[in-house]
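Student: One letter stands for each residue in the lines below.
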Amino acid sequence: MKLGNFFQITEKTAAFLTFGFVLILPVVLSFNPYYLSIFIIALILGAVSLSWNLLAGVCGQVSFGHAAFFGIGAYGSSLLVLKAGWNPFGAMIIAAFFGVMGAIIIGTPAFRLRGPYFALSILGFAEVVKLLTLNLTWLTDGSQGLFNIPALPAIRIGSMTLDFFVSRTTNYYLAAFLMLAIYLVIYFLRHSNTGLAMSAVHGDEETAAGIGVPVFRTKLLTLMVSAFCTALMGAFYAHYVHFLSPDSAFDGSWSVMPIVASLFGGMGTLIGPSIGALLITGLDEFIFKQFFETGHKLFFGILLAVVIVWTPKGLFGKSIRKK
Amino acid sequence: MLRVEGLSVSYGDARVLEGISFQVKPGAMTCILGPNGAGKTTLLRSITGIIPSVVGKVWFLDQEIQGKKTHQIVELGMTMIPEGRRLWAPLSIQENLELGAYRISDQRIVKERLSWVYDLFPHLAERKGQLCGTLSGGEQQMVSIGRGLMASPKLMMMDEPSLGLAPLIVREVFEAIKKIVLAGTTVLLIEQNTKVALSAAQYGYVLERGAIVMEGEAAALQEDVHIKQAYLGL
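Sequence lines, in order, name chains A and B.
Letter by letter, the first sequence follows residues 1 to 323 in the numbering used here.
Letter by letter, the second sequence follows residues 324 to 557 in the numbering used here.
The set of hints was computed from the structure by calculation and includes no laboratory data.
Incorrect hints may have been included.
[What the hints assert, rightly or not] Lysine to aspartate or glutamate pairs mimicking EDC-like chemistry, simulated, CA-CA at most 16 Å apart: (1) K83(A) to D141(A); (2) K348(B) to D336(B); (3) K391(B) to E206(A); (4) K380(B) to E328(B); (5) K518(B) to E495(B); (6) K391(B) to E406(B); (7) K348(B) to D385(B); (8) K392(B) to E205(A); (9) K392(B) to D251(A).
Model the full structure from these sequences, guided by the hints.
Tutor: Written as structure tokens, this is what we have:
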């Protein structure tokens, strides 16, 4: 009794279905602002999970510290806007490059380690960046956090105005667009020669080196792309919630939830992690919360254990084929 | 083609290889024989740069490759067929072979190499799409050799291709290796299976407890009393 025995679809079909679902979801929720805000966070999580899975599922390098890149993006963009007066859109892009710099700083030493040691060193890195944010008070206002982070400026297309300050719907669709953009980047990267190198490294590092794959460079490049996408979503998050503290931007759940979502959706696929993110958010919101108002997150643990035992490749790992 | 001088390797305090010197002549098959634990695999891994900290010098095609990264050494035209095959199990035969040509961007050359590998192992051509995790040991060995050939190497180093294979399959694999040498690829073979190795190679070295104890023409080594007693059980 596994989903993989019931239906088989290709990666492309799964992606079309997912983004189709994301497109009509607000209509299904009749644009209820509360539910929209829940699913905006789900889309952010979905996009971060896609990025995490590029590193872990495709290249085989598990990270326990993606909150670092998320927080760097969030703080980077906010500070550029608040202290330097930048346009938030430009700030988001530059903040994403801050994430890449973070990736180089931690990846260069950490990729000399393997397996759990790499995962742990990046966890330590996330903690260090969080402490820096907490203590560089002249820059970040420390534990007080940053207030009144400006929303993204409105975009006018003809007679239509996309307002990011008031409208949840606009923010929702921008989050969806970012997730799509990140998915496409990952999809094309996976099907390039570099993607081939990534899966070779995932399978067997020594043999990968033996066919001429620059192992270290491939791993670092993957981390850089993953960090760029994660930091970009962090930056979007900052302009969406207007408030940041070291605890919210570097919250451990930005490291943990992408892992949960990816395990749910299937690490062997590309689109799976975003399905996982939407699914666990939906389950949490519409089922667990209804019955257990406090402690509903406890169910993630139980559910995750069930998934790992029942179908270790994720709920859709066997249903979504590569080609 | 390949020249090694005074190569020493230690794992921590334990010295595994002590002042190894040998050379591989182009266009022929050279073999290095030795029992378990003699340091054969370590020797190959240090030549290809997988074990980085070694003492001694290694020349490949008159270029010093000591201290270079594995992928740079591979770029020069050397490839290693690792012990125990080490295929990408979730990938098909064809995908594994194509990965072997990772450095080659010209698709025509990749196709050419692919058909040469399938000519060499017609067996593989019949089941291109099969996942490597489901193949028999002999078939996996063929894919592993084929993967190494895809990169058009000048020197191919093989670590115990006979490991875990039935005698009949071993013969089949070695027939293929001989054809590879005839087609112009130099081969360095590391083997425990002395009899098979010496009948296929032109020159041989014997490695024992981390040092080369004997060398000579393969035919002469076959007749040697020490070898007969220690390895051939005669």
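Student: Confirm or reject each hint.
Tutor: Now the hints, each set against the structure:
1. A distance of roughly 12 Å separates the Cα atoms of K83(A) and D141(A); the hinted pair therefore holds under the 16 Å criterion.
2. At most 16 Å may separate the alpha-carbon atoms for a hinted pair to count; K348(B) and D336(B) exceed this at roughly 33 Å.
3. Proximity of K391(B) to E206(A) is assessed by CA-CA distance (about 15 Å); at most 16 Å being required, the pair is judged to hold.
4. Taking the CA atoms of K380(B) and E328(B), the gap is about 5 Å. The hint holds against a cut of 16 Å.
5. Between K518(B) and E495(B) the CA atoms are separated by roughly 15 Å; this keeps the pair inside 16 Å, and the hint holds.
6. Our distance criterion of 16 Å between C-alpha atoms is broken by K391(B) and E406(B), whose separation comes to about 22 Å.
7. At roughly 12 Å between alpha-carbon atoms, K348(B) and D385(B) fall within 16 Å of each other, so this suggested pair holds.
8. Proximity of K392(B) to E205(A) is assessed by CA-CA distance (about 13 Å); at most 16 Å being required, the pair is judged to hold.
9. Straight-line distance between C-alpha atoms of K392(B) and D251(A) comes to about 38 Å, which puts the hinted pair past the 16 Å bound.
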